[in-house]
Structures are given as C-alpha cells and as structure tokens.
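**Q** So the protein sequences, as listed, match chains A and Y.
Under the UniProt record's numbering, think of the first position of the first sequence as 1, with each following residue one higher.
Under the UniProt record's numbering, think of the first position of the second sequence as 1, with each following residue one higher.
Honestly, the hints are just simulated from the structure, not real lab data.
Each residue gets a CB set at the ideal place from its N, CA and C atoms; glycine is no exception.
Keep in mind that a hint or two might mislead.
Pulled a few chain A residues facing chain Y out of the computed Cβ check, cut under 8 Å [as the list claims (entries may be wrong)]:
#	residue
1	Gln-15
2	Val-19
3	Glu-20
4	Tyr-98
5	Asp-100
6	Asp-105
7	Tyr-106
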Amino acid sequence: MSYDTALTVFSPDGQLFQVEYAMEAVKRGLCCVGVRGKDAIILGVEKKATSKLQDVKTIKKVYQLDHNLCMTFSGLNADARILANQTRLQCQQYKIYYEDDPSVDYIAKFTSQQQQKFTQRGGARPYGISTLIAGFSNNKPKLFQTDPSGACSEWKATSLGKSAKQVKDFLEKHWREGLHEKDALLLTTKALMDVVESGNKNIELCVIRKNECWFLNENEVEELTKITAQLQ
Amino acid sequence: MIDFDPSTFGLAHTYQKEDKDEINTLALPSAPQVIYKTLNGPTQISGGNKLNNFKHGTTTLGFVFKEGILLAVDSRASMGSFLSSEQVRKVIEINEYLLGTMAGGAADCQYWLAYLANHCRTYELKNGSKLSVAAASKFLQGILIGYRNSGLSMGCMIAGTDTTGQHLYYIDNDGMRLKGDIFSVGSGSTYAYGVLDNHYRYDLSLDEAVELGIRAIYHATHRDTASGGVVRVYHIHQDGWTKVHDGIDVVDLHYRFAQQKGLVGDGDEAKQRLF
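Assemble the whole structure, with the sequences as input and the hints as a guide.
**A** This is the structure we're talking about:
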C-alpha cells in the first residue's frame with residue numbers, strides 16, 4: 001500500500017509524504033532571501049520571465065500584508081497569492097477586533113496555521129510554498145519563516161528555494177548583528193546575485209522599515225546591482 | 001483565529017466549507033450562542049438603555065491622573081423602590097492588569113466582563129503577550145455591537161495598564177466606545193460629575209485623587225436614591241491595580257464631611273427645629 005497518495009495517512013516510519021513532497025516543490029521554486037538588520041528587514045526574491053514576451057516588471061513576488069508587514073515566498077505562485085490574501089484579510093480583521101496592529105508573530109502563526117490546516121484534511125493538498133514574513137513588533141525587526149508543514153520559526157537571515165543552501169552558507173559567513181539598512185540591502189543583493197541569472201530585471205527587493213515598506217523600483221535595483229558588483 | 005473543527009476530518013467537501021469561514025469576511029467576533037430572552041421582549045426595556053434608568057441605579061466613576069487611574073463606585077442595587085443589596089461589588093477584576101466597572105444590568109456586566117477575562121487569558125497564552133487595554137475594550141465593543149437591540153443594558157468602564165501606560169475607556173450596550181480622562185456612569189453620575197469636574201486636576205497626588213473619588217461618590221449617594229451603600233476605591237498603576245478601599249460606609253462619610261465643615265449633618269443647620 002502506498003502511503004504517499006493520501007494526505008491524511010502517516011507512513012509506517014512516521015512521515016507525511018504529501019507534506020514532504022510539498023516541501024520538494026518549494027525547493028524547486030525560485031530563490032528568495034530575507035535579512036534582518038538593526039532598523040530594517042530586507043526581502044529579496046528572484047523572478048524569472050518564462051518567455052521574452054513576458055513583462056518581468058509586472059511580476060510582483062513580495063506581497064505587502066499591512067503598512068509595515070511584507071511577505072515573500074518560494075514555491076507555487078498561485079498558492080502564495082491565496083495565502084497572502086487570506087493573511088491580508090486577517091491583518092484587517094485583527095484591527096477590527098482589537099484596534100492595535102497585529103504583531104509579526106501573530107501573523108506568522110496565522111499563516112503557518114493556515115498551512116497546517118491543509119496537512120490534516122482530506123481532499124485538499126498542502127500549500128506548495130514556504131513564506132518569509134517580515135515586520136516590526138514592539139519596534140524590533142522580526143523575520144519569520146513558515147513551511148508547508150505548518151512550522152513557523154524566527155530567523156536572523158535565511159533563504160528558500162532552488163539555491164537555498166548556497167545562499168544560507170553565504171549568509172552564515174557574512175551576516176552579523178546590528179546591520180544598518182544599507183549594509184543589509186547590499187548583503188541581500190550580493191546573496192541573490194550569486195545565484196540568480198545575470199540581469200537586474202530578475203531581482204525584486206523590498207525594505208521593511210518601522211512604519212513603512214519601500215519597494216525598490218527598476219532603476220534603484222539596477223543601481224544597487226552595479227554597486228554590489230563592484231564590491232568584493 | 002479559526003478553530004479547527006475535528007468533525008470535518010477526512011471529508012472531501014470540507015474545502016468548500018472553508019469559503020464560508022470567518023476568514024473570508026470582516027466579521028465581528030462571534031460571541032457564544034447564548035440566547036438572551038427577556039420576559040417581555042426587548043421593546044419593554046426601551047428605557048433601559050439610558051444611563052439614568054432608575055431601575056439600574058448606580059454611581060461609578062473613573063478618572064486618569066498622573067499616578068494612573070482611580071476608580072470609585074457605590075454598592076447599592078435597587079429594583080424599583082426595593083433595595084436588593086447594599087454590598088454589591090461593582091468593580092469587576094478582569095485580571096491583574098484590567099478592571100471593569102458595572103452599571104446597568106448586573107448580570108450583563110458580570111457575564112460579559114468574565115467572558116472578556118477568559119478571552120484575554122486565552123490570547124495571552126496563545127500569543128505570549130498581553131492584550132492592550134485598547135484591544136480588550138475594542139473586543140468588548142465588538143461583542144456588544146453584535147447584541148445591539150437585543151436588550152443588553154451595560155454602561156461599563158474598562159480601565160487598565162499596558163505597555164503604553166494606563167488607559168480608561170467607556171463602553172456601553174449601544175456599542176459606543178470612548179477613550180477619556182473622566183467618566184461617571186449611572187443614575188448618580190450627574191452629581192458625581194459636579195464634584196469631579198469642580199476639583200479634577202491631572203497632577204493630583206494619589207491621596208488627593210482617592211479623596212476626590214470618595215467625595216464624588218458620597219455626593220452622588222447623598223442625592224440619588226438609587227445609589228448608596230459603601231464606597232469602593234481602586235487605583236490602577238503601571239504594575240497593575242490595588243484596592244485602596246474595600247468599603248467605606250457613605251453614612252459615616254456624611255457625618256465626617258459635615259464635621260469637616262463644622263456642621264452637624266442632620267439637615268437642620270439653621271437650628272429652626274424643623275422636626
């Protein structure tokens with residue numbers, strides 16, 4: 001009997017194969033990076049046009065969930081859109097219930113809870129994405145990662161997707177506590193440029209500050225990639 | 001957040017059920033399915049939503065000052081002209097950092113403030129951080145708006161402390177939520193406001209504030225027949241709340257204040273032998 005076709009069945013050695021296969025889908029996805037600095041968090045993600053006819057500028061892979069909360073992902077694009085919309089709604093719903101802004105851990109837990117729901121229900125498959133959620137809580141920057149199994153954890157810097165291991169090694173070597181926004185931005189860009197096909201059009205960057213999000217436009221990204229290329 | 005419903009395990013059509021989940025709407029918090037059925041229907045209590053409804057006499061007050069927040073309440077419960085109790089506790093201790101005052105229907109206040117306490121605790125356990133006073137009062141408002149026109153009668157104050165300081169909110173059964181520095185609620189509130197507005201300053205010391213609260217409640221109990229009993233005083237500061245006075249009899253206060261002014265307090269100061 002195969003234990004990997006139905007979601008709601010454990011294998012004899014305690015694995016949920018569908019969930020693991022979902023994580024494989026994430027590993028095949030395009031690379032994304034998150035770096036936590038002292039006063040900002042940087043999210044960077046690779047975007048690839050499937051054909052020359054596609055307008056790469058219009059692919060937006062960093063979703064703004066709230067005025068100072070953003071999310072990016074690796075994996076299936078459509079799943080990310082659905083999950084981002086649900087999380088956006090939850091941010092607003094929280095405000096109606098409680099007036100305050102939700103904290104980043106609350107939103108990260110909510111997202112991972114949504115992902116977990118679909119690991120325990122028949123007739124539906126897990127979300128094929130791992131997300132990076134970045135924002136400020138109590139004036140402190142926080143970066144969370146969720147995955148298809150519904151696990152949620154906080155990170156200083158991390159990467160997901162195709163070349164995640166390579167980027168993580170790079171980050172482990174070069175990340176340090178208390179990075180200023182500029183340094184964190186350069187670090188993220190450098191990490192991405194190592195694994196992404198050349199060409200600035202393939203990178204999307206977002207800086208999350210205490211009260212706002214800054215989505216770098218095409219020219220700013222181009223400038224940044226030029227500066228990064230000149231650095232060691 | 002939505003709670004997972006175990007009865008949908010393994011059902012192929014559960015995904016469709018998700019569409020109707022709260023998550024896809026901006027629905028207000030759903031309170032438990034409690035049926036509030038009054039004997040004669042809500043329309044009978046059309047006068048019951050007003051603060052001065054005699055049936056629910058009370059005086060409660062709260063004000064913000066430099067040392068935090070002071071709450072003072074009376075303790076009389078009356079049903080028309082029948083005095084049902086002189087020892088009601090009108091300050092409800094929601095948790096160690098939040099207090100609620102009761103005015104209007106005692107049952108409504110007690111139940112929903114206890115429900116709020118339950119919710120605050122669950123939130124704290126789930127999320128590792130406490131609900132702020134703004135959040136707790138907003139949550140209560142959400143519930144009361146859902147029960148609008150159902151005959152609830154509540155005019156309560158939520159006062160507490162959180163990371164941003166001490167805050168005072170007034171919430172009533174119409175779903176009104178106001179943040180303020182001075183509130184007084186109940187049939188005796190007009191008398192209490194008279195004293196409060198006269199002597200309130202932000203830079204009162206704790207002792208002066210306690211004295212002001214006690215005086216305001218005393219004057220309300222003196223002139224309003226639906227207020228009386230004892231005065232209870234609570235102080236909210238950054239470490240939580242403290243019960244300053246558990247019950248000072250207003251009759252004693254009457255003679256004490258009279259004596260301070262050099263009077264007798266028997267209503268015949270001019271010695272005209274009225275009786």
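**Q** Looking back at the numbered hints, which does the structure fail to meet, lowest number first?
**A** 1, 2 and 3
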